[in-house]
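**Q** Chains as they are written, first to last, in my numbering: chain Z, 4 to 103; chain B, 4 to 103; chain G, 4 to 103.
Derived from the structure by calculation, the hints contain no laboratory data. Don't take each hint at face value.
Cross-link-like lysine to any residue pairs, in silico, SDA-like; alpha carbons within 20 Å at most [stated by the list, open to error]: (1) B:K10 with G:K29; (2) Z:K10 with B:S96; (3) G:K10 with B:S96; (4) G:K9 with B:P6; (5) G:K9 with Z:L11; (6) G:K9 with B:P68; (7) Z:K9 with G:T13; (8) B:K10 with G:R99; (9) G:K10 with Z:T8; (10) B:K9 with G:P6; (11) B:K10 with Z:E7; (12) B:K9 with Z:E7; (13) Z:K10 with B:P6; (14) Z:K9 with G:P6; (15) B:K9 with G:K10; (16) Z:K9 with G:S93; (17) G:K9 with Z:E7; (18) Z:K9 with G:L92; (19) Z:K10 with Z:R79; (20) B:K29 with Z:R42; (21) G:K9 with B:K29; (22) Z:K10 with B:L11; (23) Z:K9 with B:R42; (24) G:K29 with B:R42; (25) Z:K10 with B:T13; (26) G:K9 with Z:D94.
Please read these numbers as outputs of a predicted model, since none were measured by experiment.
Each chain is listed here by its residues.
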Amino acid sequence: MQPETKKLLTIVTEAVIEASLTADLKRLGAGGYTIVEARGSGSRGVRDAGWTTSGNIRVEVVCEPAVAARIADHLRENYYRDYAMILYLSDVSVLRPEKF
Amino acid sequence: MQPETKKLLTIVTEAVIEASLTADLKRLGAGGYTIVEARGSGSRGVRDAGWTTSGNIRVEVVCEPAVAARIADHLRENYYRDYAMILYLSDVSVLRPEKF
Amino acid sequence: MQPETKKLLTIVTEAVIEASLTADLKRLGAGGYTIVEARGSGSRGVRDAGWTTSGNIRVEVVCEPAVAARIADHLRENYYRDYAMILYLSDVSVLRPEKF
């Protein structure tokens, strides 16, 4: 099994944009994504409302660094103004079988 | 977009302490948190019951290292004796738009 | 509190194999695991069906590197042919109280 170093991009945002966001991910080159239902609190971009709780999703994308950067730029330009969103990146080793 | 290196503190614990835990997080300086419903098994602190399955929550906090340390110390002192809990830290790059 | 460096193994796969997978994890030396319900899309191993959405689980195991390698090898040999699965590893610092 050969590990490959990839980026894990985690996006926590409002559930209301899920369909739009996942369509964007595919179009921008993500090979897949994982979504879990979440709730939480945080500051909300320019609509900062302090500590609030609402229906969120936590989305993970494992991808090349260039794809992560492209997705992050797109999200910033299209969602940050209007939706609560936090994005963070970490390094992961993806394990793939030889037959993949 | 300027990445900032932060700590990602992940806490997996019993759902019954959620309200108390999130109040603690705010008070100790967390700027936000994300909670997902979880289930799982593990050893349970001093009440070690071996492999058990119950209603858990998985809580993530992205914060400065000093805040992560303060939260970890607080949880150790207040919850480890009585509740199943695992805490782990990793490094993440948080992507923020310039206008934040 | 002494941090210990461990591996965080994340497995995203089909919910239908949960019972079998968790039995394997225990047998292969995992001290615990955390499961969350997930959904998502991706390519599906040798049954590649492109972008599909189905009931998934996201499983995390914090363990020693050797245990992570043993689990990864086992999953490759037993599940990759027939089930959609992605595995990735990262480094985490696990915080344990002195009294553990």
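**Q** State the violated hints by number, sorted upward, taking the hints as numbered earlier in the document.
**A** 1, 4, 11, 12, 14, 21, 23
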